[in-house]
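Here the protein sequences line up with chains A and B, keeping their order. If you're matching positions, the first sequence starts at 49 in our numbering and goes up one per residue. If you're matching positions, the second sequence starts at 1344 in our numbering and goes up one per residue.
Honestly, the hints are just simulated from the structure, not real lab data. One thing to keep in mind: the hints can contain errors.
[Said to hold, decoys possible] Lysine to any residue pairs mimicking SDA-like chemistry, simulated, CA-CA at most 20 Å apart:
| no. | chain 1 | residue 1 | chain 2 | residue 2 |
| --- | --- | --- | --- | --- |
| 1 | B | Lys1505 | A | Thr214 |
| 2 | B | Lys1505 | A | Ala210 |
| 3 | B | Lys1505 | A | Leu213 |
| 4 | A | Lys225 | B | Leu1372 |
| 5 | B | Lys1639 | B | Asp1700 |
| 6 | B | Lys1773 | B | Val1633 |
| 7 | B | Lys1505 | B | Asp1495 |
| 8 | A | Lys225 | B | Tyr1373 |
| 9 | A | Lys78 | A | Val64 |
| 10 | A | Lys225 | B | Pro1375 |
| 11 | B | Lys1639 | B | Ile1702 |
| 12 | B | Lys1706 | B | Ala1793 |
| 13 | B | Lys1639 | B | Pro1498 |
| 14 | B | Lys1773 | B | Gln1638 |
| 15 | A | Lys225 | A | Asp236 |
| 16 | B | Lys1505 | B | Asp1576 |
| 17 | A | Lys78 | A | Val121 |
| 18 | A | Lys78 | A | Met115 |
[To be verified] Which chain B residues face chain A? A few, computed with CB under 8 Å, are given here:
| no. | residue |
| --- | --- |
| 19 | Asn1411 |
| 20 | Leu1413 |
| 21 | Glu1451 |
| 22 | Val1461 |
| 23 | Leu1473 |
| 24 | Thr1474 |
| 25 | Gly1491 |
| 26 | Arg1494 |
| 27 | Ile1497 |
Here the structure is a predicted model, which means the values were calculated and not measured. Every residue, glycine too, gets a C-beta built ideally from N, C-alpha and C.
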Amino acid sequence: MTLLSVVFYVLAAVLVGSSAMVISVRNPVKAALFLVLCFFSAACIWITLEAEFLAITLVLVYVGAVMVLFLFVVMMLDIDIVQMREGFTRYLPVGAVIAGIMMVEIALVVLSGRFELDNVARPAGQPADYSNTRELGLLLYTDYVLAFEVAGLILLVAIVAAIALTLRRRPETLYQKPSMQVQVKKSDRLRVVDVPSGTRQGDVE
Amino acid sequence: MSLVAEDILIVLPEIIVSLMACLILVLDLYLPARLRAWTSFSLALVTLLITVLIILSNSDSNSVVGLNSLVVKDRISDLLKAGICLFSAVVFVYSRRYALERGFWRGEYVVLGLFGVVGMMIMTSAYHLLTVYIGVELLALCLYAMVGMQRDSIPASEAAMKLFVLGALASGVLLYGMSLLYGLTGTLVISEMSTEVGQIGTPGLPLILALILVVTGLLFKIGAVPFHMWVPDVYEGAPTSTTLFLAAAPKLAACAMILRLLAEGLEGLFQTWQEMLIAASLFSVVLGNVVAIAQKNIKRMLAYSAISHMGFFLLGILSGTAMGYSAALTYILIYGVITLGVFGVVLTLTRQGTEADLIEDYKGLNHQHPWLAFLMLLLMFSLAGVPPTIGFYAKLSVLQSVIDAELAWVAVIAVISAVVGAFYYLRIVKIMYFESPDTGTDIQLNCGNAQHLILSLNALVVVAAMPWIGTLAEICSQAVASIR
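Bound conformation, chain A alone (with noise of 0.2 Å):
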């Protein structure tokens, strides 16, 4: 047993452990959390297999961007856990029952024998000053230029339909004009009463 073969199983064994953390803890901001964790141990057995472009683009981004806006979200939400588990029991034969099956269709895949480790080369290593980083873009920026564009076409579309989706003027809601709220003088709010002396205010009016 190599030190890599040792890396790799500890890491798949925080991965294993995190993702089966994510759908078993009560509080949701817990599972959230180790979301993170089982992305960072994915990013981790990434970096040994010579991804490091991915790596850091998993952490980069759904560490970094997607899994904190997840965050808020949930901290945001009002969610009833007690409602979510409501039928549990009355659904877990049947879970239970698929679960099963499931559990030994991939049993009798991947103990077939043709998943063993000695059925596919080891791909040789890059040298040091191998930079996967600089393939990719390569690859992107010339042969994948279109498709490059397109992706980049489909984000835009993206964001103009979730835009266009979620913003309009709801008349009830009340905005502020800084425009108005600039110009505004002294006459407009302001109104200067002459209050003889002697009296209080409320004898004027």
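Got chain A sorted already, so can you dock chain B onto it with the hints?
Using the frame of chain A, we list chain B on its own:
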């Protein structure tokens, strides 16, 4: 790889339309509201028409593969791209008034429509599984948003949700099939895949599984049985203008995708996918036509009619001959023209607060608007396939190709269902001509002069084009000649 002018020329239409869509998006922010409704509309129309001209002027018989085999420009892509742009321009003309009245004719609606056109054009010229997939996704994303654009309508939101969830599922299935194909053949380029698959001989289980997944994705996208469940709900729930958009042009793009993937890339598995398509096509034709009889809502009826027409389209594909592919291409073009006209009439009868989507709403249309009723009569005859309309020719040519492929029994079942289908098309004619309108109802037309003129031309074409139908068939058969 170096970029050369030919590479750019292949995707020139896509570049123009996407640049103009971005321009409209930005202009829409800065122009005053009064101008906005006109500029986005007219710019979109001009863009689409200019693109049609550019496509036609660059059209030649060579088929050029470019941009690292991501795209191809041949007669099929030229013909279908021009068709998609033209159909979408007509869709914009028909839907403007409808969408304005319902308050969702904003710049974004036009922009999403234009990006949808880009997606369709990418699908038609895709020569690489990656390009096929991103084209499908670009189109699908635009359609989801356009269906849900009418925020206050609960049916529209429901339809958008259904389309989104099922569309995502279908994309996933398609992608899974593509990834298996990549694993088995080692290539994503369609021509190389064709060679690889041809060398395999008898297909093994993994290849058949990949084929099943790809065919499932394709059938879902065109809405053929057994993957048709979304079609009626989406057609009915979506705003009529969006229904029109997704009923006409995307079918052309799907036609190109099916021709490229099945007829060209997976040609070696012809025997296998022919059996699948025979089942899908016959179920579509029978179920679509029978269930349409029971519908009270005209949009839902047209949805089931669309399912049955997709069955007829598949008949051409499954015959597996050049003649069959050409017949299928002709069929889809003709069906697109007729669909535009039918939904154009439906849109003309809607107005603020009325959808005119029940079949009863057409009662006695002839008494008040004889010209519109006549146009609808032509369109209904054409959908039913009554001579001398082009709908008749379309059905005739696909049936001819099926019989030539020695599948006469398939043709017999299709014809019997088409006769069943004639019932509900003719019922609309009967309601318009032989029933008197409910007392007190006054059917108003809701369309400008230009829209009325285009609608009339569109409907008259289904009869007037009959003398030139040979030319269309010739163009289509030249187009499919580029499939190896």
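Do the hints match the structure? See the list:
1. For the proposed pair Lys1505/B and Thr214/A, the alpha carbon gap of about 18 Å is at most 20 Å, so the pair holds.
2. For a cut-off of 20 Å, the pair hint linking Lys1505/B to Ala210/A stands: about 17 Å separates their Cα positions.
3. Pair hint Lys1505/B plus Leu213/A holds up; C-alpha atoms about 16 Å apart against a cutoff of 20 Å.
4. At most 20 Å may separate the alpha-carbon atoms for a hinted pair to count; Lys225/A and Leu1372/B meet this at roughly 18 Å.
5. Of the supplied pair hints, the one linking Lys1639/B and Asp1700/B holds, its CA atoms being roughly 9 Å apart against a limit of 20 Å.
6. With a CA separation close to 19 Å, the supplied pair Lys1773/B and Val1633/B stays within the 20 Å bound.
7. In summary, the hint linking Lys1505/B to Asp1495/B is supported, as the alpha carbons are separated by about 17 Å, within the 20 Å threshold.
8. Distance restraint check for Lys225/A and Tyr1373/B: the Cα-Cα separation of roughly 18 Å lies within the 20 Å cut-off, and the hinted pair is therefore satisfied.
9. The suggested pairing of Lys78/A with Val64/A holds, with an alpha-carbon distance near 16 Å, which does not exceed 20 Å.
10. For the hint linking Lys225/A to Pro1375/B, the alpha-carbon distance of about 18 Å falls within 20 Å, and the restraint holds.
11. Distance restraint check for Lys1639/B and Ile1702/B: the Cα-Cα separation of roughly 6 Å lies within the 20 Å cut-off, and the hinted pair is therefore satisfied.
12. At most 20 Å may separate the alpha-carbon atoms for a hinted pair to count; Lys1706/B and Ala1793/B exceed this at roughly 26 Å.
13. With a C-alpha separation of about 16 Å, the suggested pair Lys1639/B and Pro1498/B falls inside the 20 Å cut-off, and the hint holds.
14. Between Lys1773/B and Gln1638/B the alpha-carbon distance is near 16 Å, which keeps this suggested pair within the 20 Å criterion.
15. Restraint check: the Cα-Cα separation between Lys225/A and Asp236/A comes to about 16 Å, which is no more than 20 Å; the hinted pair holds.
16. Proximity of Lys1505/B to Asp1576/B is assessed by CA-CA distance (about 8 Å); at most 20 Å being required, the pair is judged to hold.
17. Our distance criterion of 20 Å between C-alpha atoms is met by Lys78/A and Val121/A, whose separation comes to about 13 Å.
18. Distance check on the hinted pair: Lys78/A and Met115/A sit about 12 Å apart at the alpha-carbon level, within 20 Å; holds.
19. The interface hint given for Asn1411/B holds, since its Cβ lies 4 Å from the closest Cβ of chain A, which is under the 8 Å cut-off.
20. Satisfaction of the interface hint for Leu1413/B is found here, the shortest Cβ-Cβ separation to chain A being roughly 5 Å, below the 8 Å cut-off.
21. Given hint, Glu1451/B at the interface with chain A, holds; its Cβ is 4 Å from that chain's nearest Cβ, closer than 8 Å.
22. Evaluation of the Val1461/B hint against chain A yields a held restraint, the C-beta minimum of about 7 Å falling below 8 Å.
23. Interface hint at Leu1473/B: satisfied, since its Cβ lies 5 Å from the closest Cβ of chain A, which is below the 8 Å cut-off.
24. The interface hint given for Thr1474/B holds, since its Cβ lies 6 Å from the closest Cβ of chain A, which is under the 8 Å cut-off.
25. For the restraint placing Gly1491/B at the interface with chain A, the shortest Cβ-Cβ distance is roughly 6 Å, inside the 8 Å limit, so the hint holds.
26. With a least beta-carbon distance of about 6 Å to chain A, the hint placing Arg1494/B at the interface is held under the 8 Å criterion.
27. Hint status for Ile1497/B relative to chain A: violated, with the closest Cβ pair at about 15 Å, above 8 Å.
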